[in-house]
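Visitor: Take a look at the letters that make up each chain.
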Amino acid sequence: MKAFEFLDKVGKVDTNTMVLDKAMGYKTVEDMLTITAEYFNLAKYGWGTSMLVDEDIIKDKNELYHSYDIKTYPGGTLFELANREDKIDEYFQQLDKLGFNAVEISDGSTVIDADRRADAISKAKEVGLYTLTEVGKKNPQKDKEYSEDMRIELINTDIQNGADMVIVEGRESGKNIGIYDGSGNIKADTLTKLYENTPREKIMWEAPQKNQQVELILTLGNDINLGNINTNDIISLETLRRGLRGDTLGKV
Amino acid sequence: MKAFEFLDKVGKVDTNTMVLDKAMGYKTVEDMLTITAEYFNLAKYGWGTSMLVDEDIIKDKNELYHSYDIKTYPGGTLFELANREDKIDEYFQQLDKLGFNAVEISDGSTVIDADRRADAISKAKEVGLYTLTEVGKKNPQKDKEYSEDMRIELINTDIQNGADMVIVEGRESGKNIGIYDGSGNIKADTLTKLYENTPREKIMWEAPQKNQQVELILTLGNDINLGNINTNDIISLETLRRGLRGDTLGKV
Amino acid sequence: MKAFEFLDKVGKVDTNTMVLDKAMGYKTVEDMLTITAEYFNLAKYGWGTSMLVDEDIIKDKNELYHSYDIKTYPGGTLFELANREDKIDEYFQQLDKLGFNAVEISDGSTVIDADRRADAISKAKEVGLYTLTEVGKKNPQKDKEYSEDMRIELINTDIQNGADMVIVEGRESGKNIGIYDGSGNIKADTLTKLYENTPREKIMWEAPQKNQQVELILTLGNDINLGNINTNDIISLETLRRGLRGDTLGKV
Numbered sequence: 001m002k003a004f005e006f007l008d009k010v011g012k013v014d015t016n017t018m019v020l021d022k023a024m025g026y027k028t029v030e031d032m033l034t035i036t037a038e039y040f041n042l043a044k045y046g047w048g049t050s051m052l053v054d055e056d057i058i059k060d061k062n063e064l065y066h067s068y069d070i071k072t073y074p075g076g077t078l079f080e081l082a083n084r085e086d087k088i089d090e091y092f093q094q095l096d097k098l099g100f101n102a103v104e105i106s107d108g109s110t111v112i113d114a115d116r117r118a119d120a121i122s123k124a125k126e127v128g129l130y131t132l133t134e135v136g137k138k139n140p141q142k143d144k145e146y147s148e149d150m151r152i153e154l155i156n157t158d159i160q161n162g163a164d165m166v167i168v169e170g171r172e173s174g175k176n177i178g179i180y181d182g183s184g185n186i187k188a189d190t191l192t193k194l195y196e197n198t199p200r201e202k203i204m205w206e207a208p209q210k211n212q213q214v215e216l217i218l219t220l221g222n223d224i225n226l227g228n229i230n231t232n233d234i235i236s237l238e239t240l241r242r243g244l245r246g247d248t249l250g251k252v
Numbered sequence: 001m002k003a004f005e006f007l008d009k010v011g012k013v014d015t016n017t018m019v020l021d022k023a024m025g026y027k028t029v030e031d032m033l034t035i036t037a038e039y040f041n042l043a044k045y046g047w048g049t050s051m052l053v054d055e056d057i058i059k060d061k062n063e064l065y066h067s068y069d070i071k072t073y074p075g076g077t078l079f080e081l082a083n084r085e086d087k088i089d090e091y092f093q094q095l096d097k098l099g100f101n102a103v104e105i106s107d108g109s110t111v112i113d114a115d116r117r118a119d120a121i122s123k124a125k126e127v128g129l130y131t132l133t134e135v136g137k138k139n140p141q142k143d144k145e146y147s148e149d150m151r152i153e154l155i156n157t158d159i160q161n162g163a164d165m166v167i168v169e170g171r172e173s174g175k176n177i178g179i180y181d182g183s184g185n186i187k188a189d190t191l192t193k194l195y196e197n198t199p200r201e202k203i204m205w206e207a208p209q210k211n212q213q214v215e216l217i218l219t220l221g222n223d224i225n226l227g228n229i230n231t232n233d234i235i236s237l238e239t240l241r242r243g244l245r246g247d248t249l250g251k252v
Numbered sequence: 001m002k003a004f005e006f007l008d009k010v011g012k013v014d015t016n017t018m019v020l021d022k023a024m025g026y027k028t029v030e031d032m033l034t035i036t037a038e039y040f041n042l043a044k045y046g047w048g049t050s051m052l053v054d055e056d057i058i059k060d061k062n063e064l065y066h067s068y069d070i071k072t073y074p075g076g077t078l079f080e081l082a083n084r085e086d087k088i089d090e091y092f093q094q095l096d097k098l099g100f101n102a103v104e105i106s107d108g109s110t111v112i113d114a115d116r117r118a119d120a121i122s123k124a125k126e127v128g129l130y131t132l133t134e135v136g137k138k139n140p141q142k143d144k145e146y147s148e149d150m151r152i153e154l155i156n157t158d159i160q161n162g163a164d165m166v167i168v169e170g171r172e173s174g175k176n177i178g179i180y181d182g183s184g185n186i187k188a189d190t191l192t193k194l195y196e197n198t199p200r201e202k203i204m205w206e207a208p209q210k211n212q213q214v215e216l217i218l219t220l221g222n223d224i225n226l227g228n229i230n231t232n233d234i235i236s237l238e239t240l241r242r243g244l245r246g247d248t249l250g251k252v
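Residue numbers (my numbering), protein chains in the order written: chain F, 1 to 252; chain G, 1 to 252; chain A, 1 to 252.
Here chain F stands alone, though its shape is the one from the complex (with noise of 0.2 angstroms):
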């Protein structure tokens, strides 16, 4: 039973978390877990960090997750290294092995072209991966080079040849990209064309700030997508969507 029962709050919300694992220790997501759990479904072990680290830890940290019914991925930029050599299958069969049950297919540092990639969602869907794509490049530079209304073609593309969620990339910094300017703030147009012309439930904004997290649900509703979501703040961001910070207090 939660504490504070007797107070009335804003119920639990229809959403997807995602949160980002940047290679913790077994036991500190196991202790981390007995408090969030419930609060996201989505755990990235975070761009290249898988391959620094044992299989059998993989493993372990898979079933932990899987057992809170949380799914786990790596990072898009292992997709990308698979995709440059050739071996999206061996991949996919690597992901199963390792006990994964869900992918990012992304070209944030890379090029792929349009028919691969709506190729390799199909592949992950037949395999049995809950498919995620990622829009957006990590360089700011190039990444400046997608006008909004590439975005907006490339997320309903990947969601129309079967992608179960776009994110728009946000990056760790959450500045300087997509949505973002140099500070971290919202760029208020492009959000409002980004939202307005895709499917809001498929679409998952990275936000790993605090003012972005707190704009973003005040915009768009508190049972927004976010993703990219410090493991320190997942009960901090659960409590932005239901009302129970200052920020969002009496708003949502």
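Please note: incorrect hints may appear among the correct ones.
Here are the computed lysine-lysine pairs in the DSS-like style, where the Cα-Cα straight-line distance is at most 25 angstroms [what the hints assert, rightly or not]:
(1) G:K27 <-> F:K27
(2) G:K87 <-> F:K12
(3) F:K12 <-> F:K202
(4) A:K202 <-> F:K97
(5) F:K9 <-> G:K97
(6) F:K59 <-> A:K9
(7) A:K12 <-> A:K175
Simulated from the structure, these hints should not be mistaken for laboratory data.
Please build the complex by placing chains G and A on the supplied structure of chain F, with the hints as guidance.
Guide: Structure of chains G and A alone, referenced to chain F:
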């Protein structure tokens, strides 16, 4: 026995230090306390996070902190929710049931009239809770409507009404609120006026950032009460208080 | 066996990485090392934090780190305190008693004359400690009084006197000191001059921020020695060194 006892050092300081626990797991707290427990005496479970945690975990964490003589209380946001629903008595009962031994009375996100605030302080004292109040608004625009004179009067009124400690709001960020400007730097004139017109031993300055801790210690003394300290920075703060870090070495 | 072995990758780099331990609990370190241990070889217990920790915990943590071939030493602030009291010999004895196997000799917060500094380096080497020295002042105003030529001379003198490694001061913040401007950006001219006039394998650059790590790796090579790495960022740094993160993918 502490390490490096043969070196001269500034002795342990008689002060109050409040740490912000953003809903850490039991085992993480347990391990953290093996090193930090003697260097703080108040743990705040930030804002409304306690409502999202199981009662049993809250109770166990309270016992753990109390075993080291560290008082515990939920963030003032929960008091505000209870007050809004006219359930202050139930709130105090719930605190007792969950094993909290302190309470924060505040109006950072809502409004409470002066009589009711005074009454809440009295009731909290009657039921034996260590009673902190807080002065400041979580919304920067609203916070700016408070003149320095108003802040001073609010602080001194709370103390006259029986508060054990009055917190000067700084939030988790330490920016754009109370004595801090938008970059987290201290507004020297505001600090001086507040400090000179209130009883120093009953005021706790929220100071989440290191530069704020350094400046407050160098300006007001190493025994100044400080709050909203990050769990990773407890030992760092104690080294600042005792001249064991470059910033205050030879100056305290 | 590491995960995703079938993917090509940049091999393990022969380098030095120093991690900043700000007084973490034993079990937290133990869990962290299950994943990170092979990716750093030096752990610094920051500034004077060791004086606030029980001897037994210090000894146990030292044994734990050493079991993974990671050298340990207290921050240079403790050496400065010992030097100020003319207790350098006692200091080296204490390090031995507590099980440290490295030492940092610095004058970041105090003044030490050149002969005494040289003598301390000799003594440290004699008693078998891995000997690091540090160049730079913790106070930004004082640090600015050091010209580039002075820094270069100090570094090379320490090396001639037997130092195993010379640290270029960056502090925990990485701002407004040494090669960094007030925003934490690298001053390219200063970096170039220091780099070109000192032996790269004996210099360790303190680089707490990710953008600093990226730029140093891209400018000076992926095997450049880096220090003051946050415990949460050890794996991230290793992915940067090995092209497993967008910032350096295909560039190292």
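Visitor: A separate judgement is required for each hint: does it hold in the structure or not?
Guide: Results of checking the hints against the structure:
At most 25 angstroms may separate the alpha-carbon atoms for a hinted pair to count; K27 (chain G) and K27 (chain F) meet this at roughly 9 angstroms. In summary, the hint linking K87 (chain G) to K12 (chain F) is supported, as the alpha carbons are separated by about 22 angstroms, within the 25 angstroms threshold. Taking the CA atoms of K12 (chain F) and K202 (chain F), the gap is near 19 angstroms; set against the 25 angstroms cutoff, the hint holds. The straight-line distance between the Cα atoms of K202 (chain A) and K97 (chain F) is roughly 43 angstroms, outside the 25 angstroms bound, and the hint therefore fails.
About 20 angstroms separates the Cα atoms of K9 (chain F) and K97 (chain G), which keeps this hinted pair within 25 angstroms; it holds. Between the alpha carbons of K59 (chain F) and K9 (chain A) the distance comes to roughly 21 angstroms, so the proposed pair stays at or under 25 angstroms and holds. Using a Cα cut-off of 25 angstroms, the hinted pair K12 (chain A) and K175 (chain A) is violated, with the two alpha carbons roughly 30 angstroms apart.
When the structure is compared with the earlier hints, violations turn up for hints 4, 7 and for no others.
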